[in-house]
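**Student:** As a plain string of letters, each chain reads:
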Amino acid sequence: MARPNWVPAGTDLDKPNAARVYDYYLGGSHNFEVDRQMARKAIELWPDLPKIMRANRAFLRRATQFAAEEGISRFLDIGSGIPTFGAVHEVAREYQPGARVVYIDMDPVAVAHSRLILADDPLSQVVDADLRNTDDLLARPEVEELLAPGEPVAVILNAVLHFVTDADDPAKILAKLREALPSGSILILSHASLEGRPDQAGSHQSLYRSTPTPLTMRSREQITAFFEGYDLVEPGVVYLPEWRPDDAESVGPHPERMTGMAGVGRLS
Amino acid sequence: MNESAGLSGPPGNDGPPGSAPGTAADEAADEAAEAAETVEAATAGFRAAWTAMLRTGHGAAVRPGVLNPLTARTADLLHRAAREHPFRPELAGQAGALLIDNQFTDPQLLADAVQLIQRQAVPDERGPALSGAFAAGWAAALRERTLREQEAIRLAADTARQEVEKALRVSEARFRALFESAAIGIGLGDTDGNILAVNRALGEIFGGGPEDMTGVRVNDLVHPDDTPGVWEAYEELISGKREYFQFDKPYYRRDGEVVWTHLTVSLIRDDDGAPLYQVAMLEDVTDRYRLQERLRHQATHDPLTGLPNRAAFFERLEKLFEEPEPDVRFGLCYVDLDGFKVVNDSLGHDMGDQLLTVVARRLENALSPLGHMVARLGGDEFVVLLENCRGEQEAVAAAKTVLAALTKPVVIGDHRLAVGASVGVLERRIATTTPGAAVRAADLTLYRAKEAGRGRWTLFDPKENARAVSRYAVSVRMPAALDRGEFFIDYQPMVDLASGAMTGVEALVRWRHPQLGVLGPEEFVGVAEETGLIMPLGRWVLEQACEQAADWVARFGDRAPKLSVNLAVRQARNAGLVGDVERTLRSTGLDPSMLQLEITESTVVGPEDEALKALHALVDMGVSLSVDDFGTGWSNLAYLRDLPVSNLKIAGSFVGDLHDPAKDTHLGWRIVSGLVSLAHTLGLSVTAEGVESRADAERLRLMGCDLAQGWHFGRPARPAEIARRIAEADLEAAPDPEFGYES
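Taken in order, these protein sequences are the chains called A and B. Numbering-wise (UniProt numbering), the first sequence opens with residue 1 and increments by one. Numbering-wise (UniProt numbering), the second sequence opens with residue 1 and increments by one.
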C-alpha cells in the first residue's frame, strides 16, 4: 500500500480528489470539473452533505480554538487538504499569536496549493506525507522540529481517518502518533460515521470507491476507540454540531443528521 | 453610475418623497419623528435577522473573531445604502463583496439576503436598486473569487505536476544510473523472450556493448553446457508458474569464448498479476568457475599426462554400473607398457615421464575419437573404458588400436624408444559383474597377455581368470616361500651339436606351492619381478646352482657341465650384482669360467647404461654372458656389438615356428640361419632353444648352430638325473644313440 519515498506520487487530475471535493462542498472553487461532478452526484444522493461539511469545518474551528485557549501553540494538521478559509493557523493565532502549524497531506495538488498560500508564513510548513506511512511522517524534519521541544502539540485528524481502511490498521497509526507526542498533547478527531443516517452511508461509501481514497465509515464505538490512551474532553465523542457549540441554537434540531462524529482527547 | 447620480442629489424627481417642499413644518416634524422611530425599529429588526442569517450555514464555520465584525460591517453598509442621502447603492455592493471574501458563496445566502433587504422599508423607492446593487456586488466578487481560485488550483496542479515530473525525472535518472552503472549485468525482456534493454555490464559480459544485445532473443542464448532444467524453469517463469529461478549458466560471448554466469531471473507481473516482463541479473563467475573446474580437473586428472586419473576412471565406471539397462555391455582394455621399467631405470625418471606423456597422447588421440575414455591408473598402466560396447569385436578393436598406436618408436631427444604394450581385454554385460571384479579380471587378463609374450592383447577367459586369481595367491605367498624352502632348482641339458655332448645345463627355478603344486618360473618370476622378491630369489638361485655346479665339478672334473643361470633385468641392474657373483663363486669355489649368466635383450638399453659396467666387470672376472630369448625383444644390434657377451640363445619360438603350418617354414629357417650367421659374424656362439626333434637338431647342426636345448635333448631334471647323465656319458664315452646322428 505505502509507496517507498523514492517513488514520486502521481497527480491524477482525471480522478476526483477528496481535498478538492471537500473544497467544493464548502463553496470553494479550488476544484476541477471531475471533482464537481462527483460532489454534485453526492449532493444529489445526500443533499445534507454541504451542511455536514460545514459542520465539520465548524468543529475544526471550535476544537482548534479550544486547544489554543488551553495554551497549545503547536499544531500538526494531518490531512489538511486545501485550507482556503478558517485554516488552523488563522484560528489558532487569534489566541496564540506565535502558533506554529505543520500541514500534512498526501495529495500533491493540495500540498502545492498549501505551499503557494503559505509561502510567506514562516511559522507554517507544508509536508507531503502519507498518514499510513506513519514512521516516515514522524521522521520528516518539519514534524521532528515541531515535536522536538517536548511542548504539547495538537494533532488534528479532521475528516481523514475515514480514508484509512481497516487493512491499513488505523489503531496502529494512532498508537505510533501517540507514542511520538509529548504529554499534555491534544488529539482533535472527526470521522464520517454510520451513526445517524445509516440509509445514506452505503451509497456514499460506494461513491468514494472510485476515488484514490475510498471511504470507511465507522461507528461511534470504533471512533471512540481511536482515543485510546487519551482522556476524552467533555462532551466526549458526539455528533459534529454537539461538540462544544458556540451557543445552544447552533446545534440545530437534528444534530444526528450531521452524521460525522467528533471528539477531543488529551494525553496525560 | 449610481454613485454619481446620488452625489448630484439636489432634490429632484428621484429624491425621497417625504422631502417634498411646500408641506407644513410641524406636520413635517411629526412625521419625521414618527418615521425615525419606525426606521429605528426596522433597522434593529433587520440587523437581528441579518446576523441570524449569517450565523447559520457557512457562518458556523467562521470564527467569531471574523464573523461578528463581518456581520456588523455588512449590516452597517446595507443600512447606509438604504438610508443615507444621497443613495449610494455601491455600499450594498461592498457588503455583498465582503460576504464573498469570507466565502459566503452559497447561492441560497444571496436569496436569503435579497429577501431580507427587500423586506425592510426603505425611502424613495430605492429598494430594488439596493437589492440589485447587493446582488451585483456579491456576484461580481464571487466571479472574481472563482476565477482567482481556479487560477490558484490550476497553478497548484501545475506546480504539483512539475514537481512530480521533476521527481520522476530524478527518480528515473537515479534508476537509470543504478541500471547503467550496476556492476552486475541486468537485462529486461518481455514474456515472448524479446530482450528490451540491457545495461553496460551485461553487454560487457557478452563481450560487446548494450547495443549488441538489441534484437537478440532469450532463446538464442542456449549453450550446450546448460544445466538440465534451466530452460524448463525459464518456461515456467514466463508462463507465470514461478516467480524466479537461479542457475549457473554458460553463454557464448561475441568472440565465441564461453562466459560462465550466476543467473537470476525474476518475473514482473502487471496489476492484474499477468506476466509482463522478465528481469535477468547476471554475474560473471567465469574465473570462479574456471578455478573450480581446475580444482576438479586436478582431482580427477593425472598431472603428468593430463589423462583422467584412477579416481576419475572408477567414478565413471561406477556411474556406469549405477542403473544399468539389462543388456548394456561395456569393455575394458587394461594396458601395461612393455619394458617401461627399463627406460625408467636406465634413462631416468624424466625420460620415463616424457615417454608416458607421449604414450598418453597417442592413446588419447587414437581412442577418444572412438568415444572411449582413456585413463592412467598409475605407473605405466593405462585403461580404456568402452561404454555401451557392441560386443567383443569392438573391445578387441580398441585393444588393437592401442597396440597400433604404440607401434612407432617414441623419439625423445636422441633416443628412439621402441615401446610396446600388453593389453588385457574384458567385454561383459554390465549386469553380470561389478566394477571391482571387472577391473581385477582385466588386470589378470593383462598378465596373461604379458605371459603369452609381450606386445599382444588377450581376451578375458573365465577359466584362465580363475587360474590367474590363484596366481594372486602366489604373489601373496611368495615372500614366505623362500624362507620355508619351497623353491628348488631343475637343470636342463644343453648339448653341443657338433659332439652331441651335454656341455652345459640351465638352472631353472621351481616352486613347490602347497596348494598349486610345482610352478615353473614362467608362473611366478613375473610376480617376483613385480614384488621385488626377484632379488633374494635370484641370489638364492645363484648360490644354489653354483653350489650344485661346484659339486659336479668336484665329482666329474672337466666333464662337469657349464652352469647357465638366468639373470632378471632387475638383478642385472642391481649395483650389488658383481659383489654377489664374486662372493658366491668364492664361497662355492666354482670357477668363473664354469658360470654363464643369461641376460635378456632389455637388460641393456644403451651405450651409457650403468648395467654395462657391471656386465664388463663380470666378464673381467671370467664369467661368460649369453643373451637369452634373442630376437623377441630389444634387438638393438648396435648395442649388441658393445655387449660383452659370448653367446646368443635363439628364442624357442623361432624353432617352434618351423612347425607351425600357418607359417612359412622356408622363411623361418632362413631367419634362424640368419641369426646364426649374425652371431658368428659378431664372434658369438649360438644356442638354439626349443629343439624338439632330431631333424631340427640335425638341420641346426648343419647350419653351424653351436649348441641346442629342448625336449629332444632332455627336459629340465633334478640334479641327480643330471649327475646320472654325466656319469653315463662318461661311461659310454659315446654320443647318445637317441640323438640319431653320427659324430
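Treat the hints loosely; a few may be bogus.
Restraint ranges, calculated between C-beta atoms of paired labels, are given here [said to hold, decoys possible]:
(1) A/Asp-121 <-> B/Asp-192: 49 to 57 Å
(2) B/Ser-171 <-> A/Lys-172: 22 to 30 Å
(3) A/Ala-225 <-> B/Glu-180: 37 to 45 Å
(4) A/Glu-145 <-> B/Arg-154: 25 to 33 Å
(5) B/Pro-69 <-> A/His-254: 37 to 45 Å
(6) A/Asp-120 <-> B/Ala-167: 34 to 42 Å
(7) A/Ala-139 <-> B/Arg-169: 18 to 26 Å
(8) B/Arg-169 <-> A/Asp-120: 41 to 49 Å
(9) B/Arg-154 <-> A/Ala-225: 39 to 47 Å
Think of the hints as simulated: they come from the structure by calculation, not from any bench. All C-beta atoms, glycine included, are put in the ideal place defined by N, C-alpha and C.
**Student:** Which numbered hints turn out to be false for this structure?
**Tutor:** The structure breaks hints 3, 5, 6 and 8; every other hint is satisfied.
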